[in-house]
Amino acid sequence: AQSVTQLDSQVPVFEEAPVELRCNYSSSVSVYLFWYVQYPNQGLQLLLKYLSGSTLVESINGFEAEFNKSQTSFHLRKPSVHISDTAEYFCAVSVGTNAGKSTFGDGTTLTVKP
Amino acid sequence: DAGVIQSPRHEVTEMGQEVTLRCKPISGHNSLFWYRQTMMRGLELLIYFNNNVPIDDSGMPEDRFSAKMPNASFSTLKIQPSEPRDSAVYFCASSSGQDAGEQYFGPGTRLTVT
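If you're matching them up, the sequences are chains A and B in order.
Under the working numbering, the letters of the first sequence match residues 1 to 114, in that order.
Under the working numbering, the letters of the second sequence match residues 1 to 114, in that order.
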């Protein structure tokens, strides 16, 4: 079975500051990794994903995450955040079977202050 | 594509009443997931289907909850009888199984049981 640990439940940060949201996973087999974002009163939407290849993956809005197999981590970073990045962020892991089932972390609430 | 469609978006009902939530997955997707989200318990997987067959319903809280998927384009989650502790946002998500588990979420149904 897989598990996901998001190390911070809440991360407050000032606008234009850098941010890192931490995610560690546990699995006995190879995994695929995802970050989802949930804006207020909306469903979750995919932010970025690691399937294979380059361990550094990027989103269209400036977020990036790096797959680190030795540390079993997939931390999410952004060098300069905006007010509009305020949301809840979920890390998830899938093993590519189980009909697409993913295991989600508990979420990290990112609050960007002016 | 219209994405995952859920109805109703909001539901207010009295304790003891039957509630039916509906979901239309993305066309061509063969996996469907029902989640519940609350402040106290976070995001919980209730049940998921693959090719219209229930694969794992271990997350269904009790016998008052039931889910069906009569065809590839429609699923229901029913609560009978409803209780105030069932108040939550219920999400439906679908997956094609070809993106290593990437899930597409609907906008959710906010259920309030008084």
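Bear in mind the hints are in silico, worked out from the structure with no lab data behind them.
It cannot be assumed that every hint is accurate.
What the hints assert, rightly or not - Straight-line Cα separation of at most 27 Å, DSS-like style, residue types lysine-lysine; simulated pairs:
(1) K24/B with K78/B
(2) K69/A with K101/A
(3) K24/B with K101/A
(4) K24/B with K68/B
(5) K49/A with K69/A
(6) K68/B with K101/A
(7) K101/A with K78/B
(8) K78/B with K68/B
(9) K113/A with K69/A
(10) K24/B with K49/A
Hints versus structure:
1. K24/B with K78/B: 15 Å, holds
2. K69/A with K101/A: 21 Å, holds
3. K24/B with K101/A: Answer holds: K24/B to K101/A is near 18 Å, not above 27 Å.
4. K24/B with K68/B: Judged against 27 Å, a Cα distance of about 12 Å means the pair holds.
5. K49/A with K69/A: 15 Å, holds
6. K68/B with K101/A: 18 Å, holds
7. K101/A with K78/B: Holds: K101/A and K78/B sit about 22 Å apart, inside 27 Å.
8. K78/B with K68/B: Roughly 9 Å between the alpha carbons, so the hint for K78/B and K68/B holds.
9. K113/A with K69/A: 33 Å, violated
10. K24/B with K49/A: Holds. K24/B to K49/A sits at ~25 Å (cutoff 27 Å).
Comparing the model with each earlier hint shows a violation of hint 9 alone; every other hint is respected.
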